[in-house]
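K.L.:
Next come the chains, spelled out residue by residue.
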Amino acid sequence: MTTARQRRTRREWGLAALLLTPSLVILGVFVLYPLGRAISLGHQRCDATGTRCRDNGWDQYLDVFRSREFQRALGVTFRFALMTVPIGLVLGVALAVLVDKQLRGMSVYRTIFSSTVATSVAVASLMWFFLLEPSVGVLADWIGGTAKTPGLLRDDSTALWAVAVSSIWANLGFTFIVATAGLQSIPAELYESAYVDGAGGWTRFSNVTVPMLGPTLLFASVVLTGRAFQSYGEFDLLTGGGPNGSTTSLTYLIYGKNSTIKSDLGLQSSVAVLLFVVLLVLSLVQVRSVERRVHYGN
Amino acid sequence: MAYGSVVASVRLESVTKTFGPVGESGDPASVAVDDVTLHIHDHEFMILLGPSGCGKSTLLRIISGLEEPTAGVVFIGDTDVTDMEPKHRDVAMVFQSYALYPHKTVQANIEFPLKVRKVPPKDRAEQAEAAATLLGLTDLLKRKPGQLSGGQRQRVALARAIVRRPAVFCMDEPLSNLDAKLRGETRAELVALHQRLESTFVYVTHDQVEAMTMGSRVAVMNRGRIEQVGTPAEVYGRPESVFVAQFIGTPPMNIFPAGLVERSEVIVGIRPEHVAIDAAAALRATVALVEHLGHETLVHCRAGDLRVAVRLDADEVAPAVHTEVGLAFPEAHRHRFDPATSRRLTSFVPADVASTKGAGA
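Going line by line, the protein sequences match chains A and B. Number 205 in this note's numbering belongs to position 205 of the first sequence; there are no gaps in the numbering. Number 418 in this note's numbering belongs to position 120 of the second sequence; there are no gaps in the numbering.
The shape of chain A in the complex, shown without the other chains:
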C-alpha cells in the first residue's frame, strides 16, 4: 500500500519530468549530441568530402595536441586572451566609473558606451578593417601604415594586436554594462562613510569600489576569456588567420578558410574538443583561484 506521501512524491516527479522535457530535448539535440559526435569524430581522419573516415583511436587527440599547428594556435589564442581580457576589463570598469554619477546627460554616455553590445562581430570587424587597412583606412594613415609598410593587419608583429583592438572594442559594451550594474549595487553609505573618515578618491576606489566589484569582475573575466577563446569572426574578416599564421587561433584552425586542416572533419573535431577541454580547465582555475578572494555580500 502506498502512503499519501509516496503518491505525492510520485506525482511531483512526474510533473518535474514533464516540465523538464522541453529543455532536456533542446539541450540534448543542440549541445549533448553535437558534443558526443564531435568527440567521436575526433578519433577519425576524413577525406575532403567528409564521408569516408577511418578511426584513429584516442591517440589522435594526443597527436593533435602535440602538433606544431595546434601548439602555435594555442599560443596565439592565449596571447589573444591575455591582450583582450585585462585591457577590456580595465577599460570597461573605467568607463563605468566615469559615468556612474548623478549628472544630467550621463545617460547619453551610458547609451554610447554600451552601444557596442548591439554591434555584431561582423560589423565591428568591417569597421576596424576600414580603419586599419592601408588602402582605405583612416587610422592606418596616422599609425604609419603608408604605402611603404604593409599595414597593421598585414604585419606579423602587429596583426594580432590589431585584431585584439577590434575585439576589445566590440566587447567593451558588455563589460561596461556589467560593471555599471555592479557599481550601482554598491551602497552609497560605504562611500560616504569612507569619505567622512578621510578617504580620498583613490582610496575609496581601491577600498570600496574594487573589492565590492569583485564578483562582477570575476564574472566578466570568465565570460571575456570564454569569448576570447571562441572568437572567430574577427580573425576571419580582419586577417584570415594570417599573415604567416600569426593570427591563426584555435577557432580559426578549426574552421578558417585558410586553415591547413580545413578539409579534415576528424582533425577539426579533434581540435574543437581540445579547445573545449582547455577552456573548461581555464574557467575552473579562474573561478577557483579568484573565488576565495572575492566577497559575495552577506
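What the hints contain is simulated information worked out from the structure, not anything from laboratory work. None of the values given here were measured: they were computed from a predicted structure. Here a beta-carbon is modelled for each residue, glycine too, at the ideal position from N, C-alpha and C. Keep in mind that a hint or two might mislead.
Stated by the list, open to error - Computed cross-link-like contacts, DSS-like style, restricted to lysine-lysine with a CA-CA straight-line distance of at most 27 Å: (1) B:K385 - A:K101; (2) B:K440 - B:K402; (3) B:K442 - B:K402; (4) A:K101 - B:K440; (5) B:K402 - B:K385; (6) B:K442 - B:K479.
Stated by the list, open to error - Residues from chain B shown here face chain A by an in silico Cβ test under 8 Å; the list is partial: (7) S362; (8) G363; (9) L364; (10) F373; (11) P384; (12) V389; (13) M391; (14) F393; (15) A397; (16) Y399; (17) H401; (18) V414; (19) P418; (20) K420.
Fit chain B to the known structure of chain A by using the hints.
P.N.:
Here is chain B on its own, set in the frame of chain A:
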C-alpha cells in the same frame, strides 16, 4: 584616553539646504533645511528629532560635511567648516545601515579610518584594540561583518567611529535596525559611552523614546525648521508649539480647538495624564476603548467629533467601555497656543512643569 580634549561645540548659523535645480530653489518642496540656527554645546548629547522628511538627516549630513549648505555657516569649535571636507572637520559618522566594509574583517573595518590617515600599523592595531575592548568586540576581530549579528555590527560601526577620537560624533538613526529589546539595551550603552568619551554627540532619530532617554537636549524639527530646542523635560512639559506638543508623548497631548475649553480664542492642550475623570465635570464623553498596559491604563473617550485620551495610574479604577464619563481639564495643566501661529502663548505657564510625570514611553 584623550577623547574630548578639544572644544567641540557645533554652531549652525542660518543654515538652509535646498535640493534640485537652482532656478527652482523657491519651491518649498525642495527645501530640506530652512534657515536653521542651532548651537550644540561642547560634550553635549544633542538629539535631532522629527518625523521622516523633516530635514534632520540633511542637517546631520551638513554637520558631517556630506552635504554643503545652500546658505548659512557651520562652525565646529571656533573654526568655520562650511566649505571644509569632512576629513578636516574631526567628525565621525555612524550610519543607519552601519556601512561596514563587507570584505574587511572587523579589525580592518575599525582600523580603516586610521589607515586612511596613515597611522603606522602598530599604533593602528593598538587603538583598534582599545576601541574594540571598550565595545566588547575583542573576540570578533577576525570575523567579517557577514558573520555578525545586527547588534554586533552596530558595535563595530561605533568602534570604527570612536577609534579616531573625533571631536564630534554624528549618528543617523543608528538603533533603528535593531530589535526592540536590543535597542533598549543599546540606548543605555550609548549614554554610558557618551559619558565616558566626553565628546559631542549629534544624534538623529524619529523615535521620541530615544530622544527623551538619551539626549542632554532635543531639537524638535518639522518641515526643515526647528520647532523647539530644550531638555527632554522642557520639550515634554513646556512644548513651544502644537507640533511639539503632539509629536512628543504617547499618546500625544490632547488638543482642543479655540473656544471649546475656554471662552478665549486660544488652542488649549492638555496631557492625557492631566485629564481628570470627574462625574461632576461639564464635558460629557463616552468611553470608546480602554487599554490596560500594566503600569498605566489609557482610556480613549469620544465627545461628538472630539477624541480625548486619559491616562490613569495602574491602581486607579478605569471606567467601563461605552459608559458616559465627565472630563475635567485642570486649569494648572492647560497649555495654550495661538490659533494663528500654533506657537505657545508665553504669558501663561502651567504650574507643574517641574513635576511632570515620566516622559514619553
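K.L.:
Each hint should be assessed against the structure and marked as holding or not.
P.N.:
The hints, checked one at a time:
1. For the proposed pair K385 of chain B and K101 of chain A, the alpha carbon gap of about 22 Å is at most 27 Å, so the pair holds.
2. Straight-line distance between C-alpha atoms of K440 of chain B and K402 of chain B comes to about 9 Å, which keeps the hinted pair within the 27 Å bound.
3. With a C-alpha separation of about 6 Å, the suggested pairing of K442 of chain B with K402 of chain B holds against the 27 Å cut-off.
4. Restraint check for K101 of chain A and K440 of chain B: the C-alpha separation of about 35 Å exceeds 27 Å, so the hint is violated.
5. Straight-line distance between C-alpha atoms of K402 of chain B and K385 of chain B comes to about 21 Å, which keeps the hinted pair within the 27 Å bound.
6. As the CA atoms of K442 of chain B and K479 of chain B are separated by approximately 24 Å, the hinted pair is consistent with the 27 Å bound.
7. Nearest Cβ of chain A to the Cβ of S362 of chain B: about 5 Å, under the 8 Å cut. The hint holds.
8. Below 8 Å, beta-carbon pairs count as interface contacts, and G363 of chain B has one with chain A at about 7 Å; its hint therefore holds.
9. Of the supplied interface hints, the one on L364 of chain B holds, with its beta-carbon coming within about 5 Å of a beta-carbon of chain A, less than 8 Å.
10. Of the supplied interface hints, the one on F373 of chain B is violated, with its beta-carbon coming no nearer than about 18 Å to a beta-carbon of chain A, more than 8 Å.
11. Satisfaction of the interface hint for P384 of chain B is found here, the shortest Cβ-Cβ separation to chain A being roughly 4 Å, below the 8 Å cut-off.
12. Nearest Cβ of chain A to the Cβ of V389 of chain B: about 7 Å, under the 8 Å cut. The hint holds.
13. For M391 of chain B, the shortest C-beta to C-beta distance to chain A is roughly 4 Å, which falls under 8 Å, so the interface hint holds.
14. Residue-level restraint check for F393 of chain B holds (minimum Cβ-Cβ distance to chain A is 5 Å; threshold 8 Å).
15. For A397 of chain B, the shortest C-beta to C-beta distance to chain A is roughly 4 Å, which falls under 8 Å, so the interface hint holds.
16. Nearest Cβ of chain A to the Cβ of Y399 of chain B: about 7 Å, under the 8 Å cut. The hint holds.
17. This hint holds: H401 of chain B has a C-beta 4 Å from the nearest C-beta of chain A, less than the 8 Å allowed.
18. For V414 of chain B, the shortest C-beta to C-beta distance to chain A is roughly 5 Å, which falls under 8 Å, so the interface hint holds.
19. Contact between P418 of chain B and chain A, as hinted, is not supported at the beta carbon level, the nearest pair being about 16 Å apart and thus beyond 8 Å.
20. Here the hint on K420 of chain B is broken, as its CB sits about 20 Å from the closest CB of chain A, past 8 Å.
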